[in-house]
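*Asks:* So you can see what is in the structure, the chains are spelled out below.
Protein chains: 4
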Amino acid sequence: MSIKEMIREHPQVGADFNEQLAEAVKHAMYCAAICNSCADACSAEEMDMRRCIRLCSDCSDICTATYRVATRRTSGDVKVIEAMLRTCITACEACADECGKHDNDHCRRCAKMCRECADDCRKALESMLEHA
Amino acid sequence: MSIKEMIREHPQVGADFNEQLAEAVKHAMYCAAICNSCADACSAEEMDMRRCIRLCSDCSDICTATYRVATRRTSGDVKVIEAMLRTCITACEACADECGKHDNDHCRRCAKMCRECADDCRKALESMLEHA
Amino acid sequence: MSIKEMIREHPQVGADFNEQLAEAVKHAMYCAAICNSCADACSAEEMDMRRCIRLCSDCSDICTATYRVATRRTSGDVKVIEAMLRTCITACEACADECGKHDNDHCRRCAKMCRECADDCRKALESMLEHA
Amino acid sequence: MSIKEMIREHPQVGADFNEQLAEAVKHAMYCAAICNSCADACSAEEMDMRRCIRLCSDCSDICTATYRVATRRTSGDVKVIEAMLRTCITACEACADECGKHDNDHCRRCAKMCRECADDCRKALESMLEHA
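Heads up: the protein sequence lines correspond to chains W, V, D and X, in order.
In terms of the numbering used here, the first sequence is residues 13 to 144.
In terms of the numbering used here, the second sequence is residues 13 to 144.
In terms of the numbering used here, the third sequence is residues 13 to 144.
In terms of the numbering used here, the fourth sequence is residues 13 to 144.
Be aware that a few hints might be false.
Identical chains blur together in the list; that is why a pair holds if it fits in one copy or across any two.
Computed cross-link-like contacts, DSS-like style, restricted to lysine-lysine with a CA-CA straight-line distance of at most 25 Å [claimed, not checked]:
| no. | residue 1 | residue 2 |
| --- | --- | --- |
| 1 | Lys91 | Lys113 |
| 2 | Lys16 | Lys113 |
| 3 | Lys91 | Lys124 |
| 4 | Lys16 | Lys38 |
| 5 | Lys38 | Lys124 |
Keep in mind that the hints were calculated from the coordinates and are not lab data.
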C-alpha cells in the first residue's frame, strides 16, 4: 500500500527514483483526501465557513491533479510537473491560511496537512531544478 | 495525515463513526493512486498491456469517486454510498483479475491493492446494511 | 469540440458506435460540471443548503467517473460500465430530488440536468443489455 | 446544459460575470473529456503512442482541476485560479505539440482542442489581470 514503492517499480525509473518527488506525490494524495473531507465537515458547521469550503474544494482538486501527474514516469514531462507543483504550493498555502483561522479539529488537521504538502512540493521542485 | 481521524472529527460523526467505512475510504484512496501509477507503468512496458491500462484507468477513476463520496458525512447519503461501493467492488475485481496475469512488480502490487480494496468495500457495505 | 465524434474516431469503434452510450457520456460530462457549480453556488446562498452541497458534490464526482469510464473503448469493459451507469442513475436522482426543492435558478438548472443525465444513463444501460 | 449560464446564476456573480473566464471553463471541461478519450484511443493504436498517452492523461487531469476551480465563484480565489490557468496552458501546449505529430483523427481533434483551450486560458488570464 505504498505509492512510493509503486513509483520505484515503474520500468523507466530504477536508479532515477526521485525521493523528494515521490514524497510530494504521497502527501498531495493525502492532502486531496483531507481537503475533500474538510470541505464537507465545514459545510456541516454552524458558523459561516463558505470561504473555507471554497478553498478546501479547490485545494482538493488541485492536489488530485498534482499527485496523478507527478506519479507518472513514462516519457518525462518535467515542465508540466513543475508547473503543477507551483500551482499546488499556491493552493495549499491559500487553504492553510484560511483553515488556520478556524478553531476546530478538522480545520487544524487540514491546515497542517496543507503546509506539509506545500513544503514537500517546494522540495520536489528544488530537486527537479537541480537535476535539470 | 490520517484520513480516518479526519472523518472522526466531522461535526456530525462522533459516536456514529463507522470503522469499516473509514477503512474502505482509506484503501480506495490508496487504490486510486496505485491504479493510476500502474496504468502509467503498463504503458511503458514492452508487451501489449492495453487491457491492463484500460482496467487500471477505470479502477482509478472509480476508486477516486468512491473515496470522495464515502468520506462525506453531512446529511447522510446512504443509498449513493452503497451504490458506489458496489461499483467499486466490480471495478477492483476486474482490475485485480487482469493485473494478476502479468509478471511484473507493479501489476502484482496493484492486483493485491485492488483485492484489499474490494474486501474493504464489501465489509463497509455489510456494516452499512446492518446499521440500516 | 464533440466528445461523441471523438469516441467514434477510436480505432476499435467504427461500426460498433453506441449512440445511446455516447449521449450518456456527453450528458454525464455536463452534469459533472453543473453539479460542481451548483455545490459552489449553494454554499454562497443565505439559507441552509448543506444537504444540497453534499448531494451535488457526490453527483459531480460520480458523473466524472461515469463519463471517463464510459468514454473508453479499448478492450471492452462492459460490466464495469454497467455498474457505473447504475450508480450514476442513483446519484443523479438523489441530487435532482434535493435540488428540485429549492427556489433558485442554479438548483432548477441542476435538477433538470440530473434528470436528463439519469434518463440517458438508463437508455445507455438498456442499449448495452440488448447488445449483450 | 450550459455551464456558462450556470455560472451566471451564482448568487455572487450577476454583473461581475467574466465572459472570458466562463469560456475557459467550458473549453477546459471539453478538453478534459477529449484528452481522456485520446489517451484511451492512443493505447489502442498499433504504433508506439506512450508519450501521447502520458501527455493526454496529464492534460485531462489538469483540465479537470482547472475547470472545477475556475467555475467556483464563492469568496474570490483569484491567485489560485490564475496559477491553475498558467499550468493549464503549459499542459495543453505540451499535449497539442505531441498529438500534432500523429496522423490519426483522434490526435488531430485533440491537438485542435488543446490549442483552443490554451488560447482561452490565456484570454481568461489577461481579463483577470486587467480587472485586478
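*Asks:* Hint by hint, which ones does the structure fall short of?
*Replies:* none
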